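S.K.: The listed protein sequences correspond, in order, to chains A and B.
Residues 1 to 196 (our numbering) are what the first sequence spells out, left to right.
Residues 1001 to 1196 (our numbering) are what the second sequence spells out, left to right.
Any given hint could be a false lead.
Stated by the list, open to error - Calculated pairs, DSSO-like style, for lysine-lysine (alpha carbon to alpha carbon, straight line, at most 30 Å): (1) B:K1190 - A:K125; (2) B:K1021 - A:K11; (3) A:K125 - B:K1042; (4) A:K21 - A:K125.
Said to hold, decoys possible - Computed, partial: chain A to chain B, Cβ under 8 Å: (5) G64; (6) N106; (7) H107; (8) V126; (9) L127; (10) A144; (11) E147.
What the hints assert, rightly or not - So these bits of chain B aren't anywhere near chain A, every CB distance computed over 12 Å: (12) R1029; (13) I1043; (14) G1053; (15) E1066; (16) D1080; (17) R1081; (18) R1189.
These are calculated hints, taken from the structure and not from any lab test.
Please read all numbers here as calculations on a predicted model, not as lab measurements.
Note that beta-carbon positions come from the ideal geometry of N, C-alpha and C, so glycine has one too.
2 protein chains.
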Amino acid sequence: MSVFKNYLLQKTSITEDEYSKITENLITRKVSKGEILLRQDKICSEVYFVQSGLLRSYTIDHAGKEHIIQFAPEEWWIGDRNSFYFNEPALFFIDCIEDSELMVLNHPFFDAANLIPSFSDFNTKVLHNHIRTLQIRLNMLVAATAEERYLDFIERYPNLTLRVPQWMIASYLGITPESLSRIRKELARKNFKPHS
Amino acid sequence: MSVFKNYLLQKTSITEDEYSKITENLITRKVSKGEILLRQDKICSEVYFVQSGLLRSYTIDHAGKEHIIQFAPEEWWIGDRNSFYFNEPALFFIDCIEDSELMVLNHPFFDAANLIPSFSDFNTKVLHNHIRTLQIRLNMLVAATAEERYLDFIERYPNLTLRVPQWMIASYLGITPESLSRIRKELARKNFKPHS
DNA sequence: CCTGATTCTTATCACAAATCAAGATGTTCC
DNA sequence: GGAACATCTTGATTTGTGATAAGAATCAGG
């Protein structure tokens, strides 16, 4: 059974028959490290469900510097919901951090699946989850220090801490790799131990 | 006709009859400047549609400092969607900047209204709009300088610029009022003119 | 009105983080 | 195994913003 099927059957009350029907035209895609799946200012016409591997979304500022918005490991959704829904230019890039396998979800899929109330309800839940994630991220950025944001990150995404290079974590936290290195050094000095 | 009725009939294909039916138990609430409508860590059980006036949402950090998340003038929605939907503690406060009149939308309203497809579709659109707003806000915070954020703000919310005190704009931008004052001075020196 | 409170500006000082630079360590791939 | 590259750390310096304080301008209420 695919990761996506297992996920949907577990999270919703969709039946096997309904699942078969709405996913009959779905495809999975294998992508390699470094591959770009969405470019800023392009229309996002697909939302991805990560079956294995790791993706990220990020913007590039006027100075050409990357700023990571989100990581998407196994069983996460990623895509520019705004661009997908409104057919507007995407607000960020999406690319591949590890070789990954994705379920590719397009408009025909959502149109068909949303006819099933249990999927439609679940999709609404996913949207609310997305809102929560963005809101928490926003709160941390405006209200917490770099050190607090780092501690929050390793608590919230413990397995990512080991999987992504530190310069990406720094980018996600909104600081430079040098600053993150110093924060880690200071935490070590204060005898802080991760995973305790 | 209430601002809310006018808004809904204009933005959706809801009929007058349907409107009457779903809103029969709705109430409007008049609130005064300074009144707190939602407290962080409490459950958000109402979403507000602002008919007149101006609200804001904000968090308070560990040091006790406010950070404004959002302004909500006429015809805007405000509420902690996450707390409302998941029954979780709210991530921010909501209070009143100007005396305002609100349409108070609770769970019974949404339960009834979502039975009407044209409302349900519209609600999904509102959620996507919210996601877009949060995403743009996030992008600005991580990728733009304080000056860029200020210029973006006065372009995006020209009428708010005149209605809210500058220390609130500074709080929204994630800087101190002093820093905003310096930025404005510098912009004036560079001969920048708003509303040209 | 007048008074007190709030808001905005300006100045000085301090500090956190960015930048610049160099070295050390680790990884990939031929 | 070694070359080439990427990553992480550390140090020196600069820069932007915060903290604090004080004065000017504006606003609100008795």
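S.K.: Next, verify each hint and record whether it holds.
M.R.: We went through each hint and held it up to the structure:
| no. | hint | in the structure |
| --- | --- | --- |
| 1 | B:K1190 - A:K125 | violated (48 Å) |
| 2 | B:K1021 - A:K11 | violated (33 Å) |
| 3 | A:K125 - B:K1042 | holds (20 Å) |
| 4 | A:K21 - A:K125 | holds (22 Å) |
| 5 | G64 | violated (11 Å) |
| 6 | N106 | violated (17 Å) |
| 7 | H107 | violated (14 Å) |
| 8 | V126 | violated (10 Å) |
| 9 | L127 | holds (5 Å) |
| 10 | A144 | holds (7 Å) |
| 11 | E147 | violated (12 Å) |
| 12 | R1029 | holds (24 Å) |
| 13 | I1043 | holds (14 Å) |
| 14 | G1053 | holds (23 Å) |
| 15 | E1066 | violated (9 Å) |
| 16 | D1080 | violated (8 Å) |
| 17 | R1081 | violated (5 Å) |
| 18 | R1189 | holds (21 Å) |
Hints 1, 2, 5, 6, 7, 8, 11, 15, 16 and 17 from the earlier list are contradicted by this structure; the remaining hints agree with it.
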